[in-house]
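J.: Going down the list, the sequences are from chains P and X.
Mapped onto my numbering, the consecutive letters of the first sequence carry residue numbers 1 to 276.
Mapped onto my numbering, the consecutive letters of the second sequence carry residue numbers 1001 to 1297.
Be aware that one or more of the hints could be misleading.
Partner residues aside, some chain X positions facing chain P, computed with beta carbon under 10 angstroms [as the list claims (entries may be wrong)]: (1) 1018; (2) 1019; (3) 1184; (4) 1186; (5) 1187; (6) 1188; (7) 1192; (8) 1193; (9) 1196; (10) 1197; (11) 1206; (12) 1208; (13) 1227.
Pairs of lysine to any residue residues, derived as SDA-like cross-links and limited to a Cα-Cα distance of at most 20 angstroms, are as follows [as the list claims (entries may be wrong)]: (14) P:25 x P:90; (15) P:171 x X:1039; (16) P:171 x X:1208.
These are computed hints drawn from the structure, not numbers from a lab.
The beta-carbon is built from N, C-alpha and C at its ideal position, and this holds for glycine as well.
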Amino acid sequence: MPAAHLTDLPPPLDVADPQATAPAKPVLSLRNVVKRYGHFEALRSVSLDVHEGEVVAIIGPSGSGKSTLVRCVHQLESVEGGAIYLDGELLGFERRGQHLRALSATAIARQRRQIGMVFQQFGLFPHMTAEQNVMEGPVHALGDPEEEARTRARRLLSRVGLADKLDCYPKHLSGGQQQRVAIARAMAMQPRVMLFDEPTSALDPELVSEVLAVVADLARLGKTIVLVTHEIGFAREAASRVIFMEAGRIVEQGPARQTLASPQTERLRTFLSRVL
Amino acid sequence: MHAPSAFPPPIDDVAQARRAPSLVRWTVSVVIVLVALQLAIFLVTNPRFEWPVVVRYLFAPSVLMGLATTVLLALIGMAIGTLIGTVCALVLLSDHRPARAAASAYVWFFRGTPLLIQLIFWYNLAYLVPTISIGLPFQPPLLQWQTNSLITPFVAAALGLGLAEGAYMTEIVRAGLMSVDPRQQDAAKAIGMTPTRAFFRIVLPQAMRFIVPPSGNQVIGMAKATALVSVIAMNDLLHSVQLIYNRTYEVVPLLIVAVFWYLMLISLLYAVQSRVERRYSRGQHASSAPDGLATAA
Chain P
1 MPAAHLTDLP PPLDVADPQA TAPAKPVLSL RNVVKRYGHF EALRSVSLDV HEGEVVAIIG
61 PSGSGKSTLV RCVHQLESVE GGAIYLDGEL LGFERRGQHL RALSATAIAR QRRQIGMVFQ
121 QFGLFPHMTA EQNVMEGPVH ALGDPEEEAR TRARRLLSRV GLADKLDCYP KHLSGGQQQR
181 VAIARAMAMQ PRVMLFDEPT SALDPELVSE VLAVVADLAR LGKTIVLVTH EIGFAREAAS
241 RVIFMEAGRI VEQGPARQTL ASPQTERLRT FLSRVL
Chain X
1001 MHAPSAFPPP IDDVAQARRA PSLVRWTVSV VIVLVALQLA IFLVTNPRFE WPVVVRYLFA
1061 PSVLMGLATT VLLALIGMAI GTLIGTVCAL VLLSDHRPAR AAASAYVWFF RGTPLLIQLI
1121 FWYNLAYLVP TISIGLPFQP PLLQWQTNSL ITPFVAAALG LGLAEGAYMT EIVRAGLMSV
1181 DPRQQDAAKA IGMTPTRAFF RIVLPQAMRF IVPPSGNQVI GMAKATALVS VIAMNDLLHS
1241 VQLIYNRTYE VVPLLIVAVF WYLMLISLLY AVQSRVERRY SRGQHASSAP DGLATAA
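Excised from the complex, chain P in its bound form:
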């Protein structure tokens, strides 16, 4: 099993390359993505394809760039080099003749509607009930009729086991319940891909499993998922592919079970021996 390297991917495209055409097949596609904070390189030329129905777990030590990666995909961080495509559409920029130009905030908002995001700190809107939180995106970003959005919100909230908490404000929900509302809120947008940024890291240990169960449920439904996580056991069970990042690079990747059972690189072996 050849470790880490991206020989099987199409040749890298670059933001600066006018001949670039986006690959059509993968749902999500990153090419040579670079992100810097001052002189610190958080992502050093990361390339990655995520296909329909895949569940990709990203693991790695803190500071390895895994959260930055999903935040860049969601345009919450600006990307300094390379390119990110969703269904072949360049994210955050548009081609104007020979040049790429940054999209307006409104156009970026439109692109984000196809990408669901779940944060470590839940990020529920504290002044809205669980149901209002889930309805907010469909009604006020997509412009769906309120009744339709309410029906969908109720269905999603019962899917994550919170049918009895519709009228609760976030403050009256446990961390695990809040995170499940957050997942329902992201799902309400019917996104092409769901991004999870360490969704269980801020939870009390006994609440982790209820959130992971919801993620596993989405995986079973065939949702395309990118999950940044420290839960190696969960990655082994639920993910189709595991990506190990360190120092802003993808060091090793492969089928989840196989890669985690017999890592090919010394660094993944060391990392797994520390966290397991």
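Once you have looked at the hints, place chain X on chain P.
T.: Just chain X, lined up with the frame of chain P:
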């Protein structure tokens, strides 16, 4: 239901205990009652309060007109101030340096000069700028007015109060916006909201919790500050009673009339503020938890 207790029934039960006696608390109560009594006797027996005069002028048409002017000025001043304050707060939190510099200069100037001077200045604007015109820079004007016909005492008062209020509201709104967790912005973006929608639906409602209480103080301050406009011959509440006592020399009872209406007005504003505060504290109180099933986050 309970297993029979191994202990005999208790002799002592603190549930029936009384408060420890306190000489300080008792003395304070007595002093307060005595002072209140003294005050009541003073108010009732001192003939110079001329209570019948107070009653006669309380609902006098000119006084009620003055009250209406005061209320109108306070509302307009507050509306202008809130609008300017919100815009300037957004500018100060933006990354546009020239606009930020302009907004800071505005706040610096209008917060740094006495309101009385500002009012007199606006009232005398015609001395500095005899005509006001609209047109392109360095071109003949398209529209032109005499300043004195445009800046009436009412306009001068509304402008002065509004511009001064805007400087204070800028700081209040800015502090309110900064108190909202920046991750709420990310969460709003994550569901594909445009920046404008995110501001009005997510950020502002949460900021209101911190904006309303100090704004309430500002409204009350504004309602009282309108008394300053009596110096520019605006017929506000204070000016309307001044006109009467200049004629009749019944200064004290007429000031009491004014005080009565100011207190009524401020009580009303206070009630409104409480309602607005409750409105924006939704989801913040544990007491609104349904059927006691709440779990701490």
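J.: If a hint holds in the structure, say so; if it doesn't, say that too.
T.: These are the hints, each one checked on the structure:
1. Interface restraint check for residue 1018 of chain X: the shortest CB-CB distance to chain P comes to about 38 angstroms, outside 10 angstroms, so the restraint is violated.
2. A distance limit of 10 angstroms between C-beta atoms decides the matter here; for residue 1019 of chain X the minimum to chain P is near 35 angstroms, and the interface restraint is violated.
3. Interface restraint check for residue 1184 of chain X: the shortest CB-CB distance to chain P comes to about 7 angstroms, inside 10 angstroms, so the restraint holds.
4. Among the interface hints, the one on residue 1186 of chain X holds; its C-beta lies about 5 angstroms from the nearest C-beta in chain P, closer than the 10 angstroms criterion.
5. Taking 10 angstroms as the C-beta contact cut-off toward chain P, the hint placing residue 1187 of chain X at the interface holds, the least distance being around 3 angstroms.
6. Interface restraint check: residue 1188 of chain X against chain P, minimum CB-CB distance 8 angstroms, threshold 10 angstroms, status holds.
7. With a least beta-carbon distance of about 3 angstroms to chain P, the hint placing residue 1192 of chain X at the interface is held under the 10 angstroms criterion.
8. Interface restraint check for residue 1193 of chain X: the shortest CB-CB distance to chain P comes to about 5 angstroms, inside 10 angstroms, so the restraint holds.
9. At a threshold of 10 angstroms, the smallest CB-CB gap from residue 1196 of chain X to chain P is about 8 angstroms, leaving the interface hint in force.
10. Interface restraint check for residue 1197 of chain X: the shortest CB-CB distance to chain P comes to about 6 angstroms, inside 10 angstroms, so the restraint holds.
11. For residue 1206 of chain X, the suggested interface contact is upheld, since its CB lies about 6 angstroms from the closest CB of chain P, less than 10 angstroms.
12. With 10 angstroms as the threshold, the beta carbon of residue 1208 of chain X comes within range of chain P, its nearest partner Cβ sitting at about 9 angstroms, so the hint holds.
13. Taking 10 angstroms as the C-beta contact cut-off toward chain P, the hint placing residue 1227 of chain X at the interface is violated, the least distance being around 37 angstroms.
14. Restraint check for residue 25 of chain P and residue 90 of chain P: satisfied, since their Cα atoms lie roughly 14 angstroms apart, inside the 20 angstroms limit.
15. For the given pair, residue 171 of chain P sits about 48 angstroms from residue 1039 of chain X by alpha-carbon distance, which is inconsistent with the 20 angstroms threshold.
16. Proximity of residue 171 of chain P to residue 1208 of chain X is assessed by CA-CA distance (about 18 angstroms); at most 20 angstroms being required, the pair is judged to hold.
The earlier numbered hints that this structure contradicts are 1, 2, 13, 15.
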